[in-house]
Amino acid sequence: MEFSMEVFKTVLQTVSLCPRLFEWSYLQGWILKVTRGVTQRTIRRKQLFAGVVYGIWMERNRRIFQQTENAPSVLASMILNSV
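Its first residue numbered 1, the sequence shown is counted upward by one per residue in the working numbering.
Just so you know, the hints here were simulated from the structure itself, not pulled from any lab data. Treat each hint with caution, since some may be false.
Lysine-lysine pairs mimicking DSS-like chemistry, simulated, CA-CA at most 30 Å apart [claimed, not checked]:
(1) Lys9 to Lys33
(2) Lys9 to Lys46
(3) Lys33 to Lys46
Label pairs and their in silico Cβ distance ranges [to be verified]:
(4) Thr68 to Thr14: 16 to 26 Å
(5) Glu23 to Gln47: 22 to 32 Å
(6) Thr68 to Lys33: 29 to 39 Å
(7) Gln67 to Arg20: 32 to 42 Å
(8) Ile64 to Gly37: 21 to 31 Å
(9) Arg20 to Tyr54: 23 to 33 Å
(10) Leu21 to Arg44: 16 to 26 Å
Virtual Cβ for every residue (Gly too), placed ideally from N, Cα, C.
Taking the hints into account, I'd like the entire structure generated from these sequences.
Here it is in structure tokens:
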């Protein structure tokens, strides 16, 4: 779980989205709050969060099936470049 949180933290700080706490219980509610509505900003945030979740899932699969792994900062960069 530390790996996932580090990826989330790196991505959010890079795009200047900084919640008060980086704890899963707080972060879940915060994400729901900042993605309410259908403005261009909220749609972009939804895409960003979906990209982070997808990137973490792909990293999980890479570790299981290919026995290779990326550092959190590398994965965060890959996510930011793809979103």
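Results for each hint:
1. Annotation: proposed proximity of Lys9 to Lys33 holds, straight-line Cα distance about 17 Å (limit 30 Å).
2. A threshold of 30 Å between alpha carbons decides the hint, and for Lys9 with Lys46 the separation of about 16 Å falls inside it, so the pair holds.
3. Taking the CA atoms of Lys33 and Lys46, the gap is about 11 Å. The hint holds against a cut of 30 Å.
4. The given range of 16 to 26 Å is respected by Thr68 and Thr14, whose C-beta atoms sit roughly 24 Å from each other.
5. The hinted window of 22 to 32 Å between Glu23 and Gln47 holds, with their beta carbons roughly 24 Å apart.
6. Roughly 36 Å separates the CB atoms of Thr68 and Lys33, a value that falls within the hinted 29 to 39 Å.
7. For the pair Gln67 and Arg20, the supplied restraint of 32 to 42 Å holds, since their beta-carbon distance comes to about 37 Å.
8. Distance hint check for Ile64 and Gly37: the Cβ-Cβ separation is about 37 Å, which falls outside the suggested range of 21 to 31 Å.
9. Distance hint check: the CB atoms of Arg20 and Tyr54 are about 25 Å apart, consistent with the given range 23 to 33 Å.
10. Remark: the range hint 16 to 26 Å for Leu21 to Arg44 is upheld by a beta-carbon distance near 23 Å.
The structure does not agree with numbered hint 8 stated previously, though it agrees with all others.
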